[in-house]
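Visitor: Going line by line, the protein sequences match chains C and S.
If you read the first sequence in this note's numbering, its first letter stands for residue 1, the second for the next number, and so on.
If you read the second sequence in this note's numbering, its first letter stands for residue 1, the second for the next number, and so on.
If you're looking for bench data, these hints aren't it; they were derived computationally from the structure.
None of these values were measured; they are calculated from a predicted model.
We put the beta carbon where it would ideally sit given N, CA and C, even for glycine.
Among the hints, a few may not be true.
To be verified - Pairs of lysine to aspartate or glutamate, EDC-like flavour, derived with a Cα cap of 20 Å:
| # | chain 1 | residue 1 | chain 2 | residue 2 |
| --- | --- | --- | --- | --- |
| 1 | C | LYS65 | C | ASP38 |
| 2 | C | LYS35 | S | GLU59 |
| 3 | C | LYS118 | S | GLU63 |
| 4 | C | LYS107 | C | GLU66 |
| 5 | C | LYS118 | S | GLU59 |
| 6 | C | LYS204 | C | GLU217 |
| 7 | S | LYS2 | C | ASP144 |
| 8 | C | LYS107 | C | GLU159 |
| 9 | C | LYS258 | C | ASP38 |
| 10 | S | LYS2 | C | GLU129 |
| 11 | C | LYS279 | C | GLU159 |
| 12 | S | LYS2 | C | ASP38 |
| 13 | C | LYS118 | C | GLU39 |
| 14 | S | LYS2 | C | GLU159 |
| 15 | C | LYS258 | C | ASP144 |
| 16 | C | LYS65 | C | ASP33 |
| 17 | S | LYS2 | C | ASP209 |
| 18 | C | LYS132 | C | ASP216 |
| 19 | C | LYS118 | S | GLU5 |
| 20 | C | LYS65 | C | ASP144 |
| 21 | C | LYS35 | S | GLU12 |
| 22 | C | LYS35 | C | ASP144 |
| 23 | C | LYS118 | C | ASP228 |
| 24 | S | LYS2 | C | ASP14 |
| 25 | S | LYS2 | C | ASP80 |
| 26 | C | LYS231 | C | ASP209 |
| 27 | S | LYS56 | C | GLU268 |
| 28 | C | LYS132 | C | GLU39 |
| 29 | C | LYS204 | S | GLU8 |
| 30 | S | LYS56 | C | ASP33 |
| 31 | C | LYS213 | C | ASP228 |
What the hints assert, rightly or not - Quick list of the computed label-pair ranges, beta carbon to beta carbon:
| # | chain 1 | residue 1 | chain 2 | residue 2 | range |
| --- | --- | --- | --- | --- | --- |
| 32 | S | GLY15 | C | ASP108 | 40 to 48 Å |
| 33 | S | VAL70 | C | PRO276 | 50 to 58 Å |
| 34 | S | GLU51 | C | ALA160 | 36 to 44 Å |
| 35 | C | VAL273 | S | MET55 | 27 to 35 Å |
| 36 | C | THR187 | S | GLU12 | 35 to 43 Å |
| 37 | C | LYS231 | S | ARG67 | 36 to 44 Å |
| 38 | C | ASP56 | S | HIS71 | 40 to 48 Å |
| 39 | C | LYS258 | S | HIS71 | 33 to 41 Å |
| 40 | S | GLY15 | C | ALA196 | 24 to 32 Å |
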Amino acid sequence: MANYAHPETLVSTDWVAQHASDPNVRIVEVDVDTKAYDEGHVPGAIGWAWSSQLCDTVRRDILPKEQLEELLGSSGISNDTTVVIYGDNNNWFAAWALWQLKIYGHKDVRLMNGGRKKWLAEGRELSTEIPKPAAARYHASGPDNSLRAFLPQVQDALEAGTYAFVDVRSPQEFTGEILAPPGLPETCQRGGHIPAARNIPWGKACNDDGTFKSADELQALYASEGVDGTKPVIAYCRIGERSSHTWFALKYLLGFNKVVNYDGSWTEWGNLVGAPVEKGKAAVSAKA
Amino acid sequence: MKVEEYRERRIEIGGWPVNLTTYRLGEVFHCKADNVSPGAALARTTGTTREEAEMKAVERAGELLARTRVHAAGS
């Protein structure tokens, strides 16, 4: 598939249509807009709500290991199941879910290329029936925190200059003109970006139909901003879901060795007392 | 049921680009408005016609976008 480094991590909508009832495959929808699943979903797909089922609902963190095991088990997913995730907004939170499953060591987890948008645009079948899979036993490993950046690591990396920083938010969020995506509540005290970050909005990795661009196009996109895999990469956005999308593209489609998702992202950095912040357009991509 | 009459179009509301996606499921038209660049969903509405669903979405998106503050960002 398009010369990707790990083509096995993506499946097409056709593949999903053919495998949705395969007992070794579990299709999962994860949307930004958690009401989308109820409106209609890929027949046989189960739905996970990112805001309540894919995070610790007490402290700010990803899903604890035991809760992930419970979620996957109750979803009929065992360690050998092929999990295919898709969602709205070209797979934002689908990529977030995949990132968490990788952190906890699930071997075979893939994205449906193009996500919910492509499925709808192709006029495919939707179902409102909610599957009730037989429970399975799931044993997670990890967490593998080599896929994730915490604040101290980000601060050290910034000081040492050892990482490339990729800010995947919109140019206006990057410059500090707006403190959240238009129409959403402001969730930080300061606007701008981490000094030295390059602004490569997540959407530039996608075609109009929501699928990922080819490996050559992705390589050119990131290389034009000096992100070529020679340095390890820290990707961030506002809360870590858009950067999961970029993390996936860099790690699995381009095959960069070391890419981490800083899920604290701007809602952490932009609220820190004394953190260095750069504003303005100086570092915005010329192609933005 | 199948997705029918799928259409996407880009409009501007209060100076912000908005993507409207509308389609029909059975007898009901569904519309989703999202802010283009970040792609976050602003409104999800339904109607008996495309126009009705889109009008509701545009109205709700306009309310939310009107709250967005633009700050000085330097150069």
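Visitor: State for each hint whether it applies.
Guide: Here's how the hints hold up against the structure:
no., hint, verdict
1, LYS65/C / ASP38/C, "violated (27 Å)"
2, LYS35/C / GLU59/S, "holds (19 Å)"
3, LYS118/C / GLU63/S, "violated (28 Å)"
4, LYS107/C / GLU66/C, "holds (18 Å)"
5, LYS118/C / GLU59/S, "violated (26 Å)"
6, LYS204/C / GLU217/C, "holds (10 Å)"
7, LYS2/S / ASP144/C, "violated (40 Å)"
8, LYS107/C / GLU159/C, "violated (35 Å)"
9, LYS258/C / ASP38/C, "violated (37 Å)"
10, LYS2/S / GLU129/C, "holds (14 Å)"
11, LYS279/C / GLU159/C, "holds (18 Å)"
12, LYS2/S / ASP38/C, "holds (15 Å)"
13, LYS118/C / GLU39/C, "holds (16 Å)"
14, LYS2/S / GLU159/C, "violated (54 Å)"
15, LYS258/C / ASP144/C, "holds (13 Å)"
16, LYS65/C / ASP33/C, "violated (25 Å)"
17, LYS2/S / ASP209/C, "holds (18 Å)"
18, LYS132/C / ASP216/C, "violated (41 Å)"
19, LYS118/C / GLU5/S, "holds (14 Å)"
20, LYS65/C / ASP144/C, "holds (11 Å)"
21, LYS35/C / GLU12/S, "violated (24 Å)"
22, LYS35/C / ASP144/C, "violated (31 Å)"
23, LYS118/C / ASP228/C, "violated (29 Å)"
24, LYS2/S / ASP14/C, "holds (15 Å)"
25, LYS2/S / ASP80/C, "violated (32 Å)"
26, LYS231/C / ASP209/C, "violated (31 Å)"
27, LYS56/S / GLU268/C, "violated (35 Å)"
28, LYS132/C / GLU39/C, "holds (18 Å)"
29, LYS204/C / GLU8/S, "holds (19 Å)"
30, LYS56/S / ASP33/C, "holds (17 Å)"
31, LYS213/C / ASP228/C, "holds (16 Å)"
32, GLY15/S / ASP108/C: 40 to 48 Å, "holds (45 Å)"
33, VAL70/S / PRO276/C: 50 to 58 Å, "violated (23 Å)"
34, GLU51/S / ALA160/C: 36 to 44 Å, "violated (57 Å)"
35, VAL273/C / MET55/S: 27 to 35 Å, "violated (45 Å)"
36, THR187/C / GLU12/S: 35 to 43 Å, "violated (25 Å)"
37, LYS231/C / ARG67/S: 36 to 44 Å, "holds (39 Å)"
38, ASP56/C / HIS71/S: 40 to 48 Å, "violated (31 Å)"
39, LYS258/C / HIS71/S: 33 to 41 Å, "holds (34 Å)"
40, GLY15/S / ALA196/C: 24 to 32 Å, "holds (31 Å)"
When the structure is compared with the earlier hints, violations turn up for hints 1, 3, 5, 7, 8, 9, 14, 16, 18, 21, 22, 23, 25, 26, 27, 33, 34, 35, 36, 38 and for no others.
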